[in-house]
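**Q** Line by line, the protein sequences give chains E and D. Its first residue numbered 1, the first sequence is counted upward by one per residue in this note's numbering. Its first residue numbered 1, the second sequence is counted upward by one per residue in this note's numbering.
Just so you know, the hints here were simulated from the structure itself, not pulled from any lab data. Note that beta-carbon positions come from the ideal geometry of N, C-alpha and C, so glycine has one too. Warning: the hint list may mix true and false statements.
DSS-like mimics (lysine-lysine), calculated; alpha carbons at most 25 Å apart, straight line [unchecked claim]:
id, chain 1, residue 1, chain 2, residue 2
1, E, K339, E, K326
2, E, K217, D, K35
3, E, K631, D, K210
4, D, K35, E, K339
5, D, K2, D, K129
If you want the footprint, here are the derived chain E segments under chain D, 3+ residues with CB under 8 Å [claimed, not checked]:
id, region
6, 50-62
7, 107-115
A few chain D positions that, by computed beta-carbon distances, are all more than 12 Å from chain E [what the hints assert, rightly or not]:
id, residue
8, D16
9, E23
10, I25
11, G41
12, D55
13, R70
14, A74
15, G96
16, G159
17, E170
18, V184
19, E205
20, S209
21, K210
22, L211
23, E225
These are the residues of each chain, in order.
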Amino acid sequence: MSGPATRAPVIAITPELVADHGLSTDEYEQILEILGREPTFPELGVFSAMWSEHCGYKNSRPHLQTLPTEGPLVVQGPGENAGVIDAGDGWGVAFKIESHNHPSAVEPYQGAATGSGGILRDVFTMGARPIAILDSLHFGSLDSPRSRYLLDGVVRGVGDYGNCVGVPTVGGEAIFDPSYERNPIINVMCVGILRLDDLMRGKAEGVGNAVMAVGAKTGRDGIHGATFASVELDEGSDSRPQVQVGDPFTEKLLLEASLELIGRDLLVGIQDMGAAGLTSSGTEMAARSGSGIDIDVALVPVREPGMTPYEILLSESQERMLLVAKPGCETSVAEVLSKWDLEAAVVGRVTDDGFFRVRDGGQVVVEIPVQPLVNECPTYTREGVEDPEVRGLRELDIGEYSGPISDQEAADALLTLLDSPSLASCRWIYEQYDTTVGTNTVVGPGSDATVLRLADSGRGIAASLDCNGRYVYLQPRRGAKIAMAEAARNVACSGARPVAITNCLNFGNPLKPGTYYHFAEAVAGLGEGCRVLSTPVTGGNVSFYNETPDGAVYPTPVIGMIGLLEHLDRVVPSCFRTPGSAVLLVGETRDELGASEYLAACHGVVGGAPPQIDLEEARRLVDFLVEAADKRLVLSAHDCAEGGLAVALAECSLGGPDGPLAVEAQLETEAPAAAALFGESQSRVVLSCDPAKVEEVVALATEHGLPVAVIGSVGAPDGRFRLAAAGAQIDLDLDRIHDVYRSALPRRMEKQAGLTT
Amino acid sequence: MKIGIVRFPGSNCDQDCYRAVDEGIGAEAVYLWHKSHDLEGCHAILLPGGFSYGDHLRAGAIARFSPIMREVIAFARDGGPVLGICNGFQILCEAGLLPGALVRNDSLRFRSHPVRVRVERTDTPFTSKYDDGDVLRMPIAHGEGQYVADQRVIDALEGERRVIFRYVDELGQPAEEANPNGSVRNIAGICDEGRRVVGLMPHPERVVSKLLGTDGLGVFHSLIEFLQATGGTAKQVAEAGDGPGTEAAEAAEASTP
């Protein structure tokens, strides 16, 4: 191997420099072997980025490979910019989730904004028009000024970006727990639709084809962001230079230009210059095609003079794409970009020698074989050991809490739970997001699942984001299975059949045995969930090192579930709509208070085992819900989750479009009062239906082997919320619980000086 | 009848407007590019919502200098019907075709939710199919939607009955709680002196289907009715009408470079 002989490395490659690039001695040895010589400084940077946790999945890959990725509807699985499923009639749905945790911890507005920008690009590079964004946000307690600052900045960042690009932000979740205090979890999922004929991939084929850099100019921002994402945040994490700055206006132009290029069939391949910028896009496109790529950094449009090859290769400036034009189409490509007032420059050519070769004018500064760089990132299988402290918490005896409670205690507990920011209305958040632009949002935020129109097909797409980190922390395999089952149930409540997932696995430092145990167990649980529910993984993201000197965040594998709805006019809302409807509870209520929001919010206890989960039962429940919707048997269906039956009923009562409706309900159960009202037994759904259809609903549930009970009825707009179970009765004024529920977030956020005026 | 929808860089409700015209009422819709000088014989112009030119400087401040706006201003001066929705309303104010300005919401936050607006006047090309006092449900989605103007202008708008839409509560009253952005007198939409140029902040184009609501359909049906009644080209429209609002048009012309 000759190597870039024209210029000796200007910067000496010392062991310190190697260590600063996050590479171990063994990894460096492997680099020497691949190259057959010492790397140049830019080459060291390229390896560092591509072999970072973020790009190389070095601690996760062995486990991720156990996840099912194939199914009859999967058109594109993991390994591309986004996953794609077949939605029928030539339509496809492209979707993917991405984390932007560390940037958001440092600079919440830009961190969240650029997270939205990146995931939008991942979807529209597939040839899909993005039609929705969902976000899963996990913060520390809102009692902390830092968490309020982060929430405010993140919501503005997600909102301003999506609002400007014109993609509605339509759903997701917001969870608050002290474990996320200094390391919030900011995951953004994008859903797009495409004609499958237009499906585009990140390929670099055809020797001699032009490689073009388009979009914004390359600047010095975010250099080595991928490596930044792969270390713990410490006291000195004032890492602003590694946080990028987003420009949604340019993104909108890039979106329209890219879809025009793809629609006019001018491209061989296209990829976002995301994490590790030009380096990852160039090498990954070549790797997928088994080709090589030859780039001259002197041709890349830059924002400022004097940028070195190292900087240009590793810049994470936003709103940039790398594309390969079809032969003879370079001029047409440039014309489209020019129409949208964007940069376009031919920066290189596709080759067939399998090398990622970078020149700086005449000099070769990088020459690395693509396959080992992209596909032979060293991977590690470690030994995971459960932390004894976690086991201790799980085995905590929580029996004393599940017993009888007075009516007053029950009422107070419900009010406390509805005031808990994790359970309260998210309206303060989603009213800052344009939820209806694009006129595809059939069911927006505040429901179990978002439902989107699939163009004019008459069918719908349902999407949901879910994860309860506390469950996963206390019992990772079970917690991950619950996250899968809940995501599927949410989608099915709308009437849609869950078909595939994307996941974002947010964990602490994998080098710590306790964290690694959490990771390995959680991935095993996800795999089981995917298999039983027939929802393969089409892509996702791993975010490790979500950890500060205070400890790791709760392990948080966020599931982004996609479902398909055959008849959009049979969509089922979450909340009660019609006074006089019968209220039913499907599923069994057990004595299960472990890991519950009730214990955490009302007793300050994190402990006990999460509720049991039977995936086969979860699957039967999904089948039942889809069939019930298709037969138009139910008026509403709502998942019974955190906060148990009492909170689920309250949500059904409070969340309707025309204001709250009264409820009168009574549950027959052997579970003690607190568990009956607030326990989080899985695979339960609150339904409402026309009283004349009760028999049919009960028969259908029974046919699917599901316990079902008529528990009450929906009342008038003015009235009371009444729920009795196991000797305790909650009897509260509707307006009172409504006030608590909707003011929980604004009460905490708007009073803060500096956030509003 | 051909309806032109202007696409500025950063427009993001252009496709919704197109669909409202094309599918909602089955009329011919065409896109007009911001760099163009040609209205392509359109009989009415829609300025859609979005973030034209990234809302740099001020919402609508740059869009009004784009080449197509010269033509739109001339078209409006000739009495051609022009509707500006959200960012389009902001552009019409910046262009001087409508008085007043739209500034940051009083909450200083972006606001997005359904609102109720009352139709105050039905004597415009965009409201004739409604009845006076009809209350419509439409979404708003804006950060700069607080309508402001000096007292003289407000008095003129009220006196000349040029307030076309007002935010109201479920009883149809312009209550303070029903005002999503602090707009003076709950103003959601106004027209020019000639009553052919209308701007509003809520999004009628998002509620033109059975699936998502139909309260906005009347805006587009009204336009078609108007065009059919007045017939033919913009010129003919102008002659058929009561005459253009020259003051605003002249002001716009004077401030156009």
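**Q** Next, verify each hint and record whether it holds.
**A** Status of each hint after checking the structure:
1. E:K339 - E:K326: holds, 19 Å
2. E:K217 - D:K35: Given pair K217 of chain E, K35 of chain D holds - Cα atoms ~23 Å apart, limit 25 Å.
3. E:K631 - D:K210: Since the Cα atoms of K631 of chain E and K210 of chain D sit roughly 21 Å apart, the hinted pair holds (cutoff 25 Å).
4. D:K35 - E:K339: OK: K35 of chain D and K339 of chain E at ~9 Å, within 25 Å.
5. D:K2 - D:K129: Roughly 19 Å separates the two Cα atoms, so the pair holds.
6. 50-62: Contact hint for the region 50-62 of chain E vs chain D: violated, 0 residues under 8 Å.
7. 107-115: Three-residue rule not met by the region 107-115 of chain E, so violated; n is 0.
8. D16: Non-interface label on D16 of chain D violated, nearest chain E Cβ at 5 Å vs cutoff 12 Å.
9. E23: violated, 8 Å
10. I25: Label holds. Min Cβ-Cβ 15 Å, cutoff 12 Å.
11. G41: holds, 23 Å
12. D55: Since the minimum Cβ distance to chain E is about 7 Å, D55 of chain D lies within 12 Å and the statement is violated.
13. R70: R70 of chain D clear of chain E: closest Cβ-Cβ about 19 Å, beyond 12 Å.
14. A74: holds, 25 Å
15. G96: holds, 24 Å
16. G159: The assertion about G159 of chain D holds, with a minimum of 33 Å to chain E.
17. E170: violated, 9 Å
18. V184: holds, 19 Å
19. E205: violated, 8 Å
20. S209: Non-interface label on S209 of chain D violated, nearest chain E Cβ at 7 Å vs cutoff 12 Å.
21. K210: Incorrect as stated: the minimum Cβ-Cβ distance to chain E is 8 Å, not above 12 Å.
22. L211: violated, 6 Å
23. E225: Since the minimum Cβ distance to chain E is about 23 Å, E225 of chain D lies beyond 12 Å and the statement holds.
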